[in-house]
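For chain A, the structure is supplied; the task is to place chain B on it using the hints.
Residue numbers (this note's numbering), protein chains in the order written: chain A, 184 to 584; chain B, 184 to 584.
Just so you know, not all the hints are guaranteed correct.
[Unchecked claim] To give an idea of the interface, some chain A residues facing chain B are shown, with a C-beta separation under 10 Å as derived from the structure:
1) His191
2) Leu281
3) Gly283
4) Val285
5) Glu324
6) Ala379
7) Thr383
8) Ile469
These are calculated hints, taken from the structure and not from any lab test.
Please read all numbers here as calculations on a predicted model, not as lab measurements.
Cβ coordinates follow ideal geometry from the N, Cα and C atoms, glycine included.
Number of protein chains: 2
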Amino acid sequence: MSRIDDLHEHLARLNRIGIALSSERDLRGLLRRILEEARLFTGAEAGTLYTVEGRTLRFVVSQNEVLPGRGGSDDSSVWFEDRRLPLSPDSMAGYVGLTGEVINLEDAYHIPAGRSYRFNAEFDRSVGYRSRSMLLVPMQEPGGRTMGVLQLINARGVDGGVVPFDPRFEELVRSLASQAAVAIRNVRLTEELKRAYHETILRLAVAVEFRDDDTAEHIRRMAEYAVLIAKELGRDAEEVDLLRYAAPMHDVGKVGVPDAILCKPGRLTADEFDQMKRHTLIGAQILGDSEAPVLRVSAQIARSHHEKFDGTGYPDGLSGQQIPLMGRITALADVFDALSSERCYKPAFPMDRCLAIVREQRGRQFDPEVVDAFLRRTGEVGGIRAGRASGLPGLGSVMTV
Amino acid sequence: MSRIDDLHEHLARLNRIGIALSSERDLRGLLRRILEEARLFTGAEAGTLYTVEGRTLRFVVSQNEVLPGRGGSDDSSVWFEDRRLPLSPDSMAGYVGLTGEVINLEDAYHIPAGRSYRFNAEFDRSVGYRSRSMLLVPMQEPGGRTMGVLQLINARGVDGGVVPFDPRFEELVRSLASQAAVAIRNVRLTEELKRAYHETILRLAVAVEFRDDDTAEHIRRMAEYAVLIAKELGRDAEEVDLLRYAAPMHDVGKVGVPDAILCKPGRLTADEFDQMKRHTLIGAQILGDSEAPVLRVSAQIARSHHEKFDGTGYPDGLSGQQIPLMGRITALADVFDALSSERCYKPAFPMDRCLAIVREQRGRQFDPEVVDAFLRRTGEVGGIRAGRASGLPGLGSVMTV
Chain A
184 MSRIDDLHEH
194 LARLNRIGIA
204 LSSERDLRGL
214 LRRILEEARL
224 FTGAEAGTLY
234 TVEGRTLRFV
244 VSQNEVLPGR
254 GGSDDSSVWF
264 EDRRLPLSPD
274 SMAGYVGLTG
284 EVINLEDAYH
294 IPAGRSYRFN
304 AEFDRSVGYR
314 SRSMLLVPMQ
324 EPGGRTMGVL
334 QLINARGVDG
344 GVVPFDPRFE
354 ELVRSLASQA
364 AVAIRNVRLT
374 EELKRAYHET
384 ILRLAVAVEF
394 RDDDTAEHIR
404 RMAEYAVLIA
414 KELGRDAEEV
424 DLLRYAAPMH
434 DVGKVGVPDA
444 ILCKPGRLTA
454 DEFDQMKRHT
464 LIGAQILGDS
474 EAPVLRVSAQ
484 IARSHHEKFD
494 GTGYPDGLSG
504 QQIPLMGRIT
514 ALADVFDALS
524 SERCYKPAFP
534 MDRCLAIVRE
544 QRGRQFDPEV
554 VDAFLRRTGE
564 VGGIRAGRAS
574 GLPGLGSVMT
584 V
Chain B
184 MSRIDDLHEH
194 LARLNRIGIA
204 LSSERDLRGL
214 LRRILEEARL
224 FTGAEAGTLY
234 TVEGRTLRFV
244 VSQNEVLPGR
254 GGSDDSSVWF
264 EDRRLPLSPD
274 SMAGYVGLTG
284 EVINLEDAYH
294 IPAGRSYRFN
304 AEFDRSVGYR
314 SRSMLLVPMQ
324 EPGGRTMGVL
334 QLINARGVDG
344 GVVPFDPRFE
354 ELVRSLASQA
364 AVAIRNVRLT
374 EELKRAYHET
384 ILRLAVAVEF
394 RDDDTAEHIR
404 RMAEYAVLIA
414 KELGRDAEEV
424 DLLRYAAPMH
434 DVGKVGVPDA
444 ILCKPGRLTA
454 DEFDQMKRHT
464 LIGAQILGDS
474 EAPVLRVSAQ
484 IARSHHEKFD
494 GTGYPDGLSG
504 QQIPLMGRIT
514 ALADVFDALS
524 SERCYKPAFP
534 MDRCLAIVRE
544 QRGRQFDPEV
554 VDAFLRRTGE
564 VGGIRAGRAS
574 GLPGLGSVMT
584 V
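Bound conformation, chain A alone (with noise of 0.2 Å):
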């Protein structure tokens, strides 16, 4: 094959790599795939992924097909890790993360008089590596701001044997690398704004109903045991996002309930109970009627997390399948934390006792598929026990007026 052909085929497979990195949507495998396709494209046995972040650059992700465990396409031997050094000359890829040049050394061990970084050899003494040829490329944003630096490890030739890596590469390379930029950058600024989305929901349904600190960790946690259970049931990824914001603004009807019922110490009579079941209809209102998924999905939980499996539940007496999937996991994600938390009205209840509740009422207040779902991860019950909501302020303080 001519030397053009070969170009040409290069460049038209640099045009797909481009339009499979745009597609990825999850920054862990979106950066793994990127230094896969570049060690794929150039041939190169090893390779490791920095991001700039302030003035240091993050070691976000490498692989090295040789070092057993930690190379190749397997998933568990590409190897995630969070070190950094500073964005300096001294180190190359601090040059080229500063410079936005390129670098290209036959050895890493020989590097050319003049400049200004050195190798730095530590980790090849650590495991027993050789980095011999290396191609270093800014991750350049179509703007020119440096996003990270791609570092490629000893390109291997025909006979296997390493071999520096051809120059014609290089712009090929820095192409490759501006896609990454750009797809790292798209993928953040959604990552960003779903966790804004997330926490401002927090927030605001904590301020919206009890306005205490055991509020805003019961609707953190319930949402937590419901996204544990819609994965237990293999819901897709989408869905159990969707639960995963919607599930918190399940009582914000509560806010049209009268604090004097809502607090109210002992029993309800029979029309403070029909005042306090209406909160399922006021939250399907405050949320309904969107063309936003998730205040659809919202509002269904909000009007259905209060029915149960065999019919005798509220608002709409609903059973079985009738009852929404997301309002069946939400109810039941409800009550199991309310069991097993300290209340006004009770003491916390210990986990044996709330697994026994949950059994007995499988198939009549819950949707056995649910509760089996739910069984099968208790194991991981203890470690959303166990966190707090992150960002969110004590709000007891100054709520409680």
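Same frame as chain A, but now just chain B:
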């Protein structure tokens, strides 16, 4: 230049276009850019971009270099429309959308026998244009789903005459269309997420606060006034977006003020007013201590929207530039909407009286620059007052318990 050199150059250009397309974050800008790049790439004089929506193709953007006021790169001459045609094999675009095949015709008026589609010459007749060579490619995501159809018309040869589209372009344009499909999908997902976020904030902010339709409308309008002012002050799009999301939450701290004070008719006692003032601090606490920029800004606004430019406001008695800009903007937007709306304690003031009060408070309650910016845009106030928050249900009926 050899044929291969040529292809090589085209592929390299395609890579650059792909990177540029995936950086575009505005849907309209993206659609226009896709069509422009595809036309430049193939030398097409005109073109149309359709998106698949359900069982229809939506005609979203069209460009034509030779029709006056409808072509080229001049902003005003790009042509956005909202016509639809059925996704059926009778039309050329419908056929491509359905089958995922490419159509490359030397002359649209001489379609080879045996094809299911016909050329619709109605548009040509109505504007006196003659479509001749045509290239239609599907815009397919990597999974194979067709997002739309790219239609290019009248390729220009070196002598300026219309020539057929070079078949070698078919795969390249298909690749460009795939990049476009992914870029459109990404931008749409982000826009949907933002819309859901915004709507959730509006609904929850209403639920947190006064619980009625009037509050929903006040929150919507005041946020729109604030956005108007920020734009007039030349703030960048990102900051304006933050304000759009953050401003509706400015009063969530009222959840911590007893209803007896919030709803008290007549004057508050000094002690009651002190309690009322605390809604700024409570709001800042509910929203504060977050890493999410939208929550940081909303906490800042919650705390500072009752400060006055001359230092006589609360809770911190800040003056001038000490008050965060977003707080100074929100203060005016909030008061202006209160003046121009009916409240339990006052009728809606006529516009001239509202504006007189705003002018009188220039440099006293309000930042003079914010006042000036607002006064330059009063022409848009009527439109904001007339619009209703889309998707917000009538809360009054159930919420007023």
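Broken hints, numbered, in rising order? Violated: hints 2, 3, 4.
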